[in-house]
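**Student:** For reference, the chains in residue letters:
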Amino acid sequence: MSVDNRITKDMSVREILETLRRSKGYYITNAQRDLSQSDFKNRILLHTDLLAAPYRERAGYFSLEISGGASIHVDMLRKQVNPFLKLKLLREEMPNTMFQTLCRGVNLFGYRPYPENVIRLTVREFSKYIDVWRVFDFLNYVPNMIPVFEEVKKAGKLLEPCICFSTGPEHTDQYYVKKVREILDVTGEDIILCIKNHGGLGTSTRIGRLVSSIKSAFPELIIHYHGHNTDGNDIGRIVAAVLAGAKIVDAGDHAFTGFFGPPPILTVIDTLAEMGIKAEGIDRDAVITTSQVLKPERLAYAEFESQFKGFDPTVQIHKLPGGAMGSSFEQAQKGGFLHLMPKILLEELPKVQKELGNWWSVTPGSQILWTVAVDNVLSGKRYENPSGDLKNLLLERYGPFPFYRPAPEIYKKVFGPDWKKILEKEGGIQKIEAIDLERERENLIERLGRKVTQEELVLYLQHPNDAVDFFKFEEEYGRCYVLPPQVWFRRGGFAVGEKITFTDYMGKSHIIEIGPSHSTDKGGKATYFYIDFHPEIFIFRETEEVKEKGPTLSKEEISYLAKAGDIRAPFNASVQKVCVKPDDEVKPGDTLAVIEAMKMQTPIESQVSGKVQRVLVKEGQEVKMGERLMLISEKT
Amino acid sequence: MIGLENPMPRKFSKILVANRGEIALRIIRAIQEWGSVAVAIYETPDKESRHILQADEAIWLGDGPCCDYLNIEKVLKAAKKVGAEAIHPGYGFLAENPNFAKACEEAGLTFIGPPSHIVKLLGDKVIARRLAEEAGIPAVPGTYPLPDGEEGEEMAISFAREHGFPLMIKAVAGGGGRGIRLVRTERELLEQLPVARVEARRSFEDERIYLEAAIPAPKHIEVQILGDNYGNLIHLGTRDCSIQRRHQKLVEIAPDRLYSPGLTKNICEAALAIAKKVGYINAGTVEFLVKGDKFYFLEINTRLQVEHTVTEMVTGIDIVRAQLDIAAGYPLSIKQEDVIIRGHAIEMRINAEDPKNDFLPEGGKKVMVYYSPGGFGVRLDGQVYPGYVVPEVYDSLLVKLTVYGLSWKEAVDRLKRALNGFVIVGPKTTIPFYLRLIEDKDFQTGRFDTSYLDTHPYLFDYTDKEREVAKIAKLIAEIHHRGYNPYAV
Numbered sequence: 000m001s002v003d004n005r006i007t008k009d010m011s012v013r014e015i016l017e018t019l020r021r022s023k024g025y026y027i028t029n030a031q032r033d034l035s036q037s038d039f040k041n042r043i044l045l046h047t048d049l050l051a052a053p054y055r056e057r058a059g060y061f062s063l064e065i066s067g068g069a070s071i072h073v074d075m076l077r078k079q080v081n082p083f084l085k086l087k088l089l090r091e092e093m094p095n096t097m098f099q100t101l102c103r104g105v106n107l108f109g110y111r112p113y114p115e116n117v118i119r120l121t122v123r124e125f126s127k128y129i130d131v132w133r134v135f136d137f138l139n140y141v142p143n144m145i146p147v148f149e150e151v152k153k154a155g156k157l158l159e160p161c162i163c164f165s166t167g168p169e170h171t172d173q174y175y176v177k178k179v180r181e182i183l184d185v186t187g188e189d190i191i192l193c194i195k196n197h198g199g200l201g202t203s204t205r206i207g208r209l210v211s212s213i214k215s216a217f218p219e220l221i222i223h224y225h226g227h228n229t230d231g232n233d234i235g236r237i238v239a240a241v242l243a244g245a246k247i248v249d250a251g252d253h254a255f256t257g258f259f260g261p262p263p264i265l266t267v268i269d270t271l272a273e274m275g276i277k278a279e280g281i282d283r284d285a286v287i288t289t290s291q292v293l294k295p296e297r298l299a300y301a302e303f304e305s306q307f308k309g310f311d312p313t314v315q316i317h318k319l320p321g322g323a324m325g326s327s328f329e330q331a332q333k334g335g336f337l338h339l340m341p342k343i344l345l346e347e348l349p350k351v352q353k354e355l356g357n358w359w360s361v362t363p364g365s366q367i368l369w370t371v372a373v374d375n376v377l378s379g380k381r382y383e384n385p386s387g388d389l390k391n392l393l394l395e396r397y398g399p400f401p402f403y404r405p406a407p408e409i410y411k412k413v414f415g416p417d418w419k420k421i422l423e424k425e426g427g428i429q430k431i432e433a434i435d436l437e438r439e440r441e442n443l444i445e446r447l448g449r450k451v452t453q454e455e456l457v458l459y460l461q462h463p464n465d466a467v468d469f470f471k472f473e474e475e476y477g478r479c480y481v482l483p484p485q486v487w488f489r490r491g492g493f494a495v496g497e498k499i500t501f502t503d504y505m506g507k508s509h510i511i512e513i514g515p516s517h518s519t520d521k522g523g524k525a526t527y528f529y530i531d532f533h534p535e536i537f538i539f540r541e542t543e544e545v546k547e548k549g550p551t552l553s554k555e556e557i558s559y560l561a562k563a564g565d566i567r568a569p570f571n572a573s574v575q576k577v578c579v580k581p582d583d584e585v586k587p588g589d590t591l592a593v594i595e596a597m598k599m600q601t602p603i604e605s606q607v608s609g610k611v612q613r614v615l616v617k618e619g620q621e622v623k624m625g626e627r628l629m630l631i632s633e634k635t
Numbered sequence: 000m001i002g003l004e005n006p007m008p009r010k011f012s013k014i015l016v017a018n019r020g021e022i023a024l025r026i027i028r029a030i031q032e033w034g035s036v037a038v039a040i041y042e043t044p045d046k047e048s049r050h051i052l053q054a055d056e057a058i059w060l061g062d063g064p065c066c067d068y069l070n071i072e073k074v075l076k077a078a079k080k081v082g083a084e085a086i087h088p089g090y091g092f093l094a095e096n097p098n099f100a101k102a103c104e105e106a107g108l109t110f111i112g113p114p115s116h117i118v119k120l121l122g123d124k125v126i127a128r129r130l131a132e133e134a135g136i137p138a139v140p141g142t143y144p145l146p147d148g149e150e151g152e153e154m155a156i157s158f159a160r161e162h163g164f165p166l167m168i169k170a171v172a173g174g175g176g177r178g179i180r181l182v183r184t185e186r187e188l189l190e191q192l193p194v195a196r197v198e199a200r201r202s203f204e205d206e207r208i209y210l211e212a213a214i215p216a217p218k219h220i221e222v223q224i225l226g227d228n229y230g231n232l233i234h235l236g237t238r239d240c241s242i243q244r245r246h247q248k249l250v251e252i253a254p255d256r257l258y259s260p261g262l263t264k265n266i267c268e269a270a271l272a273i274a275k276k277v278g279y280i281n282a283g284t285v286e287f288l289v290k291g292d293k294f295y296f297l298e299i300n301t302r303l304q305v306e307h308t309v310t311e312m313v314t315g316i317d318i319v320r321a322q323l324d325i326a327a328g329y330p331l332s333i334k335q336e337d338v339i340i341r342g343h344a345i346e347m348r349i350n351a352e353d354p355k356n357d358f359l360p361e362g363g364k365k366v367m368v369y370y371s372p373g374g375f376g377v378r379l380d381g382q383v384y385p386g387y388v389v390p391e392v393y394d395s396l397l398v399k400l401t402v403y404g405l406s407w408k409e410a411v412d413r414l415k416r417a418l419n420g421f422v423i424v425g426p427k428t429t430i431p432f433y434l435r436l437i438e439d440k441d442f443q444t445g446r447f448d449t450s451y452l453d454t455h456p457y458l459f460d461y462t463d464k465e466r467e468v469a470k471i472a473k474l475i476a477e478i479h480h481r482g483y484n485p486y487a488v
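In the order they appear, the protein sequences are chains A and B.
Counting from 0, one number per residue, gives the positions in the first sequence under numbering that gives the first Met the number 0.
Counting from 0, one number per residue, gives the positions in the second sequence under numbering that gives the first Met the number 0.
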């Protein structure tokens, strides 16, 4: 139960690094965010984290990874909690534990590059709450991470750049050591290096060797090993990493560990303890108590656990990151192609990976690989429905291919016979123009009809429509993070007489008792609640199912109409950007609008020369496949 | 003199309450406490009103609206039918109608209020002012009733030139803030005279109008008086009713916040002097305008007032019960020296109105949820209940909140607590506006006069806040109704 050498939030970066170097044992990061994302579709609520908070605080982790990745988005989209407020509330319960985030470099917490001023502002605001910044780029392209590096250093926070890890002939120790040097050249020595094994790839031997190689090149460098337990063997890799000199490893609370996220903390502690290696700062009893407190909560999240139970050692073949495992199966089930998964995962995905350059399958690259593979299999025509993101990848707008470029045939399929010209003209990283933050602030003020805080602006800049929806939700339904998962995720309604007790954000206790319901003569349904012992009635009108507009069009029909200037949505999507207005002159290839589905953006390009007659959609609008977006009158 | 006509005091066995709403309830409660039977009357739109349920008996007058409550014949017929011995008129409707008081007397029913000749005398605002002047009390400078046509215009102009603008055109038979027009120029004055005359005729069946100098931004201070049939006359101290909108009082306070015991004393004594001059009997209110250390007599209201509750709180005297005693012929049970003003009381009218929209009444809206505050020093006089529909044809008062505090600060703190204790879902109310108002420094320090709302426009800059628990309940209801949480999956 020694709490010697414990690292706490109020220590300086220097002090922390010195403590790490001095210590004989190793430290543990509680990777709660990654656990939630990999095994519970990111749904673990703040309510649950607050329950665990005092015990996790006592457990003495190096850090609690509780922010970043997809969590910023899902906090607003599905948990209806402000990601900043979440950190504030957890901090109240956990004064000493460092909070850690996962930042996708130039892509921040989203899926595509943000302008530099947005990146800097976002890092500045989050740095007020985040102590450890793990930063990666899916192409291991260091320049993509530099603005984040700089801001983290400016904020005096601990920087943890990543080398993303994968396997294959290109993925040699020599390559990774070179990458580490490239990073150190930019950041200087006062960092922690993360080996980001988001797929849980390689054997323990492979990881041990990698850590040794880096350590022998940079003996003073602190290495943090991050892995996933998808194949069931991350404990092996962790042990190998620590034996080779890694000082920090990621694991999760066993009450919630599943198949694709981090392995159980307690197993790591006990395995290494037997080898005489101590988990520094750790209170083992507190680790156990945390899980005892959490255990009963897990049932409430059953719906979000993977429908396919069991480890998946074939991850070594398809290399899906742990964070994408659950959602891939979910998509397959919803899309009705579950039966094609073996083909997609074991044949097409590895093939696509090699064809596209064998880089790292992690956001946003993993989504590109997945979408291409799925589309290739479902359509039967490989690379013939290229998404905007695939085009951007091939144009190297995310960064240069680290090992080799895809074959010319792929470029030809995606861009047509003129692909070389296009590549020459449009290829390479494009500097994203800084956006006018004050104008964005005004936009947000206009959309909300009230003043906005800097933090709200940051959230808006990350995910404009979802942030606005969330702010409006809060206005309508209050701060609902106070509700437990048993209420938040309830299915099938509540029982008459059931009492829901909670404490609102101001600290006031409430009791809501569910009363009887009856149908109203106007076709609605009325339910009686006793709110703090006073009856109130809630009436719902039966809403008619929104009828889909117009007849469904096939893909062929949509593309035929596009050639006539009748621009239809090629699939169900949301309109991200409308690039033209009525009376604009357009020519073939001009971008008319950008639509987004499944986190992928696709530009809608004009196929004709002419004048925009009508624009029928607005930014942020959801459109159904075949719905008209705009009309262009062809020049004759 | 009148006392001699009624030498043997005797309790009425049955009293008819010729009013509706919260004041009917207030009076019915007093009658029942007093040991008499209370009879309510109602018009059709009031058929679900609480005063009917509270009363021992209730009589339907007609379909209304308002015309039946104002119908002397019907009210008297109802009283006769149930065998009532007395009628309490409340405030508004027939309360200050001398014809009604007289008709009661002629019908052998006791009118609980001053004798009809006093109601008549003081109902004439010009005569009332003259009486005050005769009693040596300064009154707001004003004219006699203006004759119609050119003669009247000439009189008006010459008064205007003597006293300057702005001026008020008032109805002789007006009162309670009704029948008042402010004019700022001669042209406005000449334009408004005929309009005011028509309005006065329509509102009071008395087209006489007169002019009064407008005292800029005065405090409105009034004195509660009680007189019995034996010449005993006492005052129950002052009230400050300066916070008004369109001459309608919103917030009332007892005692005043003049910070000048000498001035308060002079005002109370002036009130008694005028009351004595007219031989006032029963409860009444003498109103003054106060500017600096000067005060001017305004009018006497010959009835119970909405804000009588604040005086009751600081004196411990039940004014309605005193009215019953007086009307039944009992002498006043207390002397002036027994009246002790202790602490502070504030009354706020919780109206179903939208303050931001010029206090537009929320008629027709249903009160879906109503919880009220309680506890020490909190008094509620109201007719609202869960399911109450704000009437479109009557006033929009839901409940009167009166709080008591030993110190002014205690009263304000309690007021805030009580206002926050209300939960009213359905119509907009004046509560959020009041919550903003009581945070205002000028209110807290007693610096307010009749221009308060005009000079503090930011008081309207509040946000209507829905209760947090109600918001969350809405979500729980949605999860319950849909069978899943649409914001979570």
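Each hint should be verified, as a subset may be incorrect.
DMTMM-like mimics (lysine to aspartate or glutamate), calculated; alpha carbons at most 20 Å apart, straight line [to be verified]: (1) B:Lys470 to A:Asp520; (2) B:Lys473 to A:Asp468; (3) A:Lys521 to B:Glu477; (4) B:Lys355 to B:Glu477; (5) B:Lys464 to A:Asp531; (6) A:Lys214 to A:Glu181; (7) B:Lys470 to A:Glu475; (8) A:Lys498 to A:Asp531; (9) A:Lys450 to A:Glu475; (10) B:Lys365 to A:Glu181; (11) A:Lys450 to B:Asp67; (12) A:Lys450 to B:Glu465; (13) B:Lys470 to A:Asp531; (14) A:Lys152 to A:Asp189; (15) A:Lys471 to B:Glu467; (16) A:Lys471 to B:Asp441; (17) B:Lys473 to A:Glu474; (18) A:Lys586 to A:Asp468; (19) B:Lys470 to A:Asp189; (20) A:Lys498 to B:Glu438; (21) B:Lys46 to B:Glu32; (22) A:Lys507 to A:Glu181; (23) A:Lys127 to A:Glu91; (24) B:Lys464 to A:Glu497; (25) A:Lys450 to B:Asp441; (26) A:Lys471 to B:Asp67; (27) A:Lys498 to B:Glu477; (28) B:Lys464 to A:Asp503; (29) A:Lys576 to A:Glu474; (30) B:Lys415 to B:Glu391; (31) B:Lys415 to B:Asp394; (32) A:Lys507 to B:Asp441; (33) B:Lys473 to A:Glu497; (34) A:Lys507 to B:Asp67; (35) B:Lys470 to A:Glu425.
Derived from the structure by calculation, the hints contain no laboratory data.
This structure is a prediction, so every number in the text was calculated from the model and none was measured.
**Student:** If a hint holds in the structure, say so; if it does not, say that too.
**Tutor:** Outcome of the hint check:
1. Taking the CA atoms of B:Lys470 and A:Asp520, the gap is about 25 Å. The hint is violated against a cut of 20 Å.
2. Straight-line distance between C-alpha atoms of B:Lys473 and A:Asp468 comes to about 17 Å, which keeps the hinted pair within the 20 Å bound.
3. The suggested pairing of A:Lys521 with B:Glu477 holds, with an alpha-carbon distance near 18 Å, which does not exceed 20 Å.
4. Between B:Lys355 and B:Glu477 the CA atoms are separated by roughly 31 Å; this puts the pair beyond 20 Å, and the hint is violated.
5. Distance hint between B:Lys464 and A:Asp531 is fulfilled; the C-alpha atoms sit about 18 Å from each other, no more than 20 Å.
6. This hinted pair checks out: A:Lys214 and A:Glu181 have alpha carbons roughly 15 Å apart, not beyond 20 Å.
7. For the proposed pair B:Lys470 and A:Glu475, the alpha carbon gap of about 6 Å is at most 20 Å, so the pair holds.
8. For a cut-off of 20 Å, the pair hint linking A:Lys498 to A:Asp531 stands: about 10 Å separates their Cα positions.
9. Between A:Lys450 and A:Glu475 the alpha-carbon distance is near 17 Å, which keeps this suggested pair within the 20 Å criterion.
10. The straight-line distance between the Cα atoms of B:Lys365 and A:Glu181 is roughly 70 Å, outside the 20 Å bound, and the hint therefore fails.
11. Proposed proximity of A:Lys450 and B:Asp67 is contradicted: the alpha carbons are some 52 Å apart, above 20 Å.
12. Pair hint A:Lys450 plus B:Glu465 holds up; C-alpha atoms about 18 Å apart against a cutoff of 20 Å.
13. Between B:Lys470 and A:Asp531 the alpha-carbon distance is near 13 Å, which keeps this suggested pair within the 20 Å criterion.
14. Restraint check for A:Lys152 and A:Asp189: the C-alpha separation of about 10 Å stays at or below 20 Å, so the hint holds.
15. Of the pairs offered as hints, the one joining A:Lys471 and B:Glu467 holds, with about 14 Å between alpha carbons and a cut-off of 20 Å not exceeded.
16. As the CA atoms of A:Lys471 and B:Asp441 are separated by approximately 36 Å, the hinted pair breaks the 20 Å bound.
17. Proposed proximity of B:Lys473 and A:Glu474 is supported: the alpha carbons are some 12 Å apart, at most 20 Å.
18. Taken as a hint, the A:Lys586 and A:Asp468 pair is broken in the structure, with Cα atoms around 35 Å apart against an allowance of 20 Å.
19. For the proposed pair B:Lys470 and A:Asp189, the alpha carbon gap of about 48 Å is over 20 Å, so the pair is violated.
20. A C-alpha spacing of about 37 Å is found between A:Lys498 and B:Glu438, which places the hinted pair above 20 Å, so the restraint is violated.
21. About 24 Å separates the Cα atoms of B:Lys46 and B:Glu32, which puts this hinted pair outside 20 Å; it is violated.
22. This hinted pair does not check out: A:Lys507 and A:Glu181 have alpha carbons roughly 53 Å apart, beyond 20 Å.
23. A C-alpha spacing of about 14 Å is found between A:Lys127 and A:Glu91, which places the hinted pair at or below 20 Å, so the restraint holds.
24. Taking the CA atoms of B:Lys464 and A:Glu497, the gap is near 28 Å; set against the 20 Å cutoff, the hint is violated.
25. Taking the CA atoms of A:Lys450 and B:Asp441, the gap is near 27 Å; set against the 20 Å cutoff, the hint is violated.
26. This hinted pair does not check out: A:Lys471 and B:Asp67 have alpha carbons roughly 49 Å apart, beyond 20 Å.
27. Under the criterion of a C-alpha separation no larger than 20 Å, the hint pairing A:Lys498 with B:Glu477 is consistent with the structure, at around 16 Å.
28. A distance of roughly 15 Å separates the Cα atoms of B:Lys464 and A:Asp503; the hinted pair therefore holds under the 20 Å criterion.
29. For the proposed pair A:Lys576 and A:Glu474, the alpha carbon gap of about 26 Å is over 20 Å, so the pair is violated.
30. Distance hint between B:Lys415 and B:Glu391 is unfulfilled; the C-alpha atoms sit about 29 Å from each other, more than 20 Å.
31. The hinted pair formed by B:Lys415 and B:Asp394 fails the criterion: a straight-line CA distance of about 25 Å is larger than 20 Å.
32. For the hint pairing A:Lys507 with B:Asp441, the CA-to-CA distance comes to about 31 Å; that exceeds 20 Å, so the pair is violated.
33. Annotation: proposed proximity of B:Lys473 to A:Glu497 holds, straight-line Cα distance about 16 Å (limit 20 Å).
34. A distance of roughly 49 Å separates the Cα atoms of A:Lys507 and B:Asp67; the hinted pair therefore is violated under the 20 Å criterion.
35. For a cut-off of 20 Å, the pair hint linking B:Lys470 to A:Glu425 is broken: about 51 Å separates their Cα positions.
Going through the hint list in order, the structure does not satisfy hints 1, 4, 10, 11, 16, 18, 19, 20, 21, 22, 24, 25, 26, 29, 30, 31, 32, 34 and 35.
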